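Participant: These are the residues of each chain, in order.
2 protein chains.
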Amino acid sequence: MDEQLHTLIEFLKKPSVSATSEGIEETANYLKETIEKLLGVKAYIEKTKGHPIVYAEVNVRAKKTLIIYNHYDVQPVDPINEWKYPPFSAVIENERIYARGASDNKGTLIARLFAIKHLLDKKELNVNIKLLYEGEEEIGSINLEDYIEKNSNKLKADAIIMEGAGLDVKGRPQIVLGVKGLLYIELVLDYGIKDLHSSNAPLVRNPCIDLARIISTLVDQDGKVLIEGFYDDIRQLTNEEKELLKMYDINVEELKKALGFNEFRYNDKDKIVEALLTYPTCNVVGFECGYTGKGSKTIVPHKAFAKLDFRLVPDQNPYKIFELLKIHLQKVNFKGSIITHGFEYPVRTSANSPVVKAMIESAKIVYTTEPQILPNAAGTQPMGLFVYKLGIKDAVSAIGAGGYYSNAHAPNENIKIEDYYKAIRHTEEFLKIYSNM
Amino acid sequence: MDEQLHTLIEFLKKPSVSATSEGIEETANYLKETIEKLLGVKAYIEKTKGHPIVYAEVNVRAKKTLIIYNHYDVQPVDPINEWKYPPFSAVIENERIYARGASDNKGTLIARLFAIKHLLDKKELNVNIKLLYEGEEEIGSINLEDYIEKNSNKLKADAIIMEGAGLDVKGRPQIVLGVKGLLYIELVLDYGIKDLHSSNAPLVRNPCIDLARIISTLVDQDGKVLIEGFYDDIRQLTNEEKELLKMYDINVEELKKALGFNEFRYNDKDKIVEALLTYPTCNVVGFECGYTGKGSKTIVPHKAFAKLDFRLVPDQNPYKIFELLKIHLQKVNFKGSIITHGFEYPVRTSANSPVVKAMIESAKIVYTTEPQILPNAAGTQPMGLFVYKLGIKDAVSAIGAGGYYSNAHAPNENIKIEDYYKAIRHTEEFLKIYSNM
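Chains as they are written, first to last, in the UniProt record's numbering: chain L, 1 to 437; chain R, 1 to 437.
Where hints are given, some of them may not hold.
Any copy will do: because identical chains look the same in the list, a pair fits if it lies in one copy or spans two.
Below 20 Å or equal to it, Euclidean Cα-Cα: the simulated PhoX-like pairs (lysine-lysine) are [to be verified]:
#1 Lys257 <-> Lys303
#2 Lys194 <-> Lys256
#3 Lys256 <-> Lys303
#4 Lys393 <-> Lys154
Think of the hints as simulated: they come from the structure by calculation, not from any bench.
Everything numeric in this text was worked out from a predicted model, so none of it was measured.
Chain L extracted, bound-state conformation (with noise of 0.2 Å):
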């Protein structure tokens, strides 16, 4: 075995889930050593309100300066009985190596590492590298934002790439230049201090229906957000970027199938596509009012909330999104409270940059096939911190180990080793080409 899959492996042995907090000090540790190790520059763990970043700057007096961000923690194993083999046992079968974290993402970090490495060993590394480990990406990343702001000058960087890509079904390397934005809120209406008999009912207003009737004014029966002002800050796809659409993949059934829901608004492939990755969207999560145990009561609830997600697309603004939505709300006399759960602005790296430029050149080398290439992905990713609180102008998520068939957050979770050595290669590709535009 090679050094590369050797360090590898021992990392995949290391629990590190960040939910329960096993391993993770541990595998900070180790991880900080390794790139000690394997890079000869000094690595730091970063103390946080919760799990610690490891950092560490390979600085070799280039131009340009690239964020290489990552996550050493994983999800939980639940449920355990249906693994083959224990999670943290690394065990390799058909020449794929069976872990939790191989796929997200253990083994794309320690596959950039190694392609730092090699070019340094060949002193081919013309950027600059700032490498960013966070421990808490499975929890929602929930002091990322604070330790970007407290260190905004060390992290002053021209590009980021971020983690969360990979091989689609037919092993072509995805690249993806953006994420969506969220705003996520709570209204709460409580008009009373307890429930009431129902037979109340002509005198007092109900807050379950007026939560009802203010939701349906939010959204239409078609997914269109009411409020006003809510598109105009949408930036158009450039013809490019359409182009991008159309080319993107997938299989409508298939994917029919694993949602499972028979209220489907789309069936044709570039709407699909189209919505998933450019519609914003006003989502209910959940809505809780009086009673709702089994049978009947009769009462009038004094109480009732709902959960909301907005998610936002380039250039919507989450805090100009909630100020639109408090007018609103005003217009519809909602006489309740507004709880907020999160702001986080949405990406759209333009196709152009030379960060995407050079990971789509290197792609092909590496894969030799064309790359599915996203505008934006349809979820959200911290990817908006580094760009709005850092002004980097251009990220990516793009070079995974991990592909299709990996079983990311479920059990059995694995890479191919061959996909291992070719996110190497690719890093290796797409560094030297980036360094030299």
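Given the structure of chain L, go ahead and fit chain R onto it with the hints provided.
Facilitator: For chain R alone, coordinates are given in the frame of chain L:
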């Protein structure tokens, strides 16, 4: 202590909590024996799927027959530590008897029995009596409909007096000529088999948003029900009934304070009485969907449900309203299922019916004050079962030993001994006048 008080106190000392079944059997047996001892007729313990009904007939071969309905079960005693005396000790203090069930409705039940006994003793009972004592009133009369259907021949009668009315805050006897009806349903929308990550929100319909929209098509901000035809069958109040409403006395500020809702619809006393007694309602009792725990989770829920009660007024038919509702739901694109939890008919007996006239006249004699007469109650009672299933034309809730002070359903339930004796006299006078009409 005379026999009338002694018999009541012994009855109050017997627990008969329908919710827990505590003492139900013993109390039913004691009631049977008490009827037989006092009235010299045979009484029966009649089985149901739940707690038994105690039934007896006093046939004096009169032309008219009256059902007297009461229940021998009581509410649970919680919170037990707020009672001054143990709830089944029936302690007398300051001319009041403290016991669970004293007001609701064991005092009334025994008072009526003694009135019949007195008339029998004086050979002045000129109306046939059918005594029907339920053991499940406090748990929703769940087996009464079945019993009534199976015994419709035996239960033929000209009129019925129910329990539930007593003395108001000024000591005036209440006479309630009817009840609201009820339609209780649950709407369920289930679009999938599992909740989805909310990055899929653009692709699928959200059952919570759809259910909120559907609710907002059922009822507007002012409480007006938007189902076509909902108001069509409402019987207009007669001028006499309108007068009764105006004469009905409530303290608006006290009522508002007791309900404790800041979203109160009316301030005018007459408007409040009108709304409370004559407006039908569409009320959401409960609504649940998706994630309702702490903080944030980003899902599209696959399922949502809501429980709704419709309070109906004469002559709305709960089964017809249900048909109208189904038509409405189809119009607004409801793609879910409907669970029914209950259909109860509204009742409003004419103020000119013999039973009501006799009740008013006898109340004036005993209480030397104007009774408070309600065209119907704000709530629902099984009265409709007797009127619609048995074809009994006239029904009234009146004659109660309890008052505004009585803490029914609460700790330290009590009645004034004086009001118990007045209930005996009221029943006696009522039966005399009614039989002569």
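Participant: Which hints, by number, does the structure contradict?
Facilitator: When the structure is compared with the hints, none of them turns out to be violated.
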